[in-house]
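Q: Each residue of the sequence shown is one higher than the one before, counting from 1028 in my numbering.
Quick caveat, the hints were computed from the structure, so don't treat them as lab data. Small disclaimer: the values here were computed from a predicted structure and weren't measured. Quick reminder that beta carbons are idealized off the backbone N, C-alpha and C, glycines included. Be aware that one or more of the hints could be misleading.
What the hints assert, rightly or not - Label-pair ranges, simulated between beta-carbon atoms: (1) Leu1041 <-> Arg1214: 16 to 26 Å; (2) Leu1385 <-> Pro1136: 39 to 49 Å; (3) Asp1067 <-> Gly1370: 23 to 33 Å; (4) Leu1385 <-> Arg1079: 20 to 30 Å; (5) Ala1043 <-> Trp1225: 25 to 35 Å; (6) Arg1290 <-> Leu1041: 12 to 22 Å.
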Amino acid sequence: MSTDTPGIDPLQALRAPRDPACDVFLTGPVFLDIIFTGLDSAPVRGTESWARGMGSSPGGVANMATALARLGLRTSLAAAFGDDHYGEYCWDALEQGEGIDLSMSHTVPGWHSPVTVSMAYEGERTMVSHGHEAPAPTGTAAPASTGAAGSAGAPAPAFPHCPPRARAAIASLAPGRSEPWVATAARNGAMVFADVGWDETGRWDLGALPDLAYCEAFLPNAEEAMRYTRTDCPRAAAHALAERVPLAVVTLGAEGAYAVDGRTGVAAAVPAIEVEALDPTGAGDVFVAGFVTGTLADWPLADRLAFAGLTAALSVQEFGGSLSAPGWAEIAAWWQLIRTCAGQDPAALERYAFLDDLLPTTARAWPLRRAVPTIGFRQ
């Protein structure tokens, strides 16, 4: 269940009667994530490793859908769900627990839910996944993709012919793949935000990403950005990408993020917040959700980057990819705490001063109790 603060709508001042009912649309495979934390090292062949922590939660595209919903965006997800207990749990957690619209999703009889086991140690993670491609729903053409970011062997999302009208849509690009829904969403007025996976072909050709032409923002990591632009500097890569898309955002890991607005030439750099990471699963999805929120709310570019980095930093301190996503309650509690800590850099605090206009004047004390990431207990 979300720990969000009721009543905070980042788009409230911009909403109008004729606006789409949906703020953000996305599609992709939903996994059941089983997460082990507190490992001292990676598992060693032929031995048994004991983890100090363990949880389970919806994963895959559910990470980003949950992050968006917890930030107050009206989120619609199109996905296939198995008719097993895992699928029922994920559906209930997303629809009832997070308020995500699943009217474009469907349950597949006889199809088991894809599963990922994630092992977190030393700030890194190792994953093992299993799943089969979901059959297309009745009356729907089979999807052209092979899963989120085009990962080999990942279950493909079953997708309806027409996405709903939305302010924004989020896509995962892969070389040589075109998703017709992306162009449809853009033509219907949605701002398309896209990330990208590792190019297994080794060609790193932007021309092989046809849906990039419909994107408002492209958010690769530093290594991906440099390879695609044939540059040796993430900032140079961001400027090169800004010649292809209106907004280029390059994530820099522990160094933060750098973005360029191709329309205005404005650039912004924001360092990362130093935290002790428990589980990095889904941090990139949470970053994208934070950036989408700030963009739809029409914040300055630097504020969008700062907010995206903050939400990602808060997420890695908790279990799981979806249930670790922070809501406004966590953000408010962090902001209240950080301003009372001795030795804070005034310039660093000023970077997040825009939160004052967004957050309630009183906030619950930090740390907050998050939702327990596990398949539900019997009452």
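Q: The structure should be examined with respect to each hint, and the outcome stated for every one.
A: Status of the hints after comparison with the structure:
no. : hint                            : result
1   : Leu1041 <-> Arg1214: 16 to 26 Å : 21 Å, holds
2   : Leu1385 <-> Pro1136: 39 to 49 Å : 44 Å, holds
3   : Asp1067 <-> Gly1370: 23 to 33 Å : 31 Å, holds
4   : Leu1385 <-> Arg1079: 20 to 30 Å : 36 Å, violated
5   : Ala1043 <-> Trp1225: 25 to 35 Å : 41 Å, violated
6   : Arg1290 <-> Leu1041: 12 to 22 Å : 19 Å, holds
In summary, the numbered hints that this structure violates are 4 and 5.
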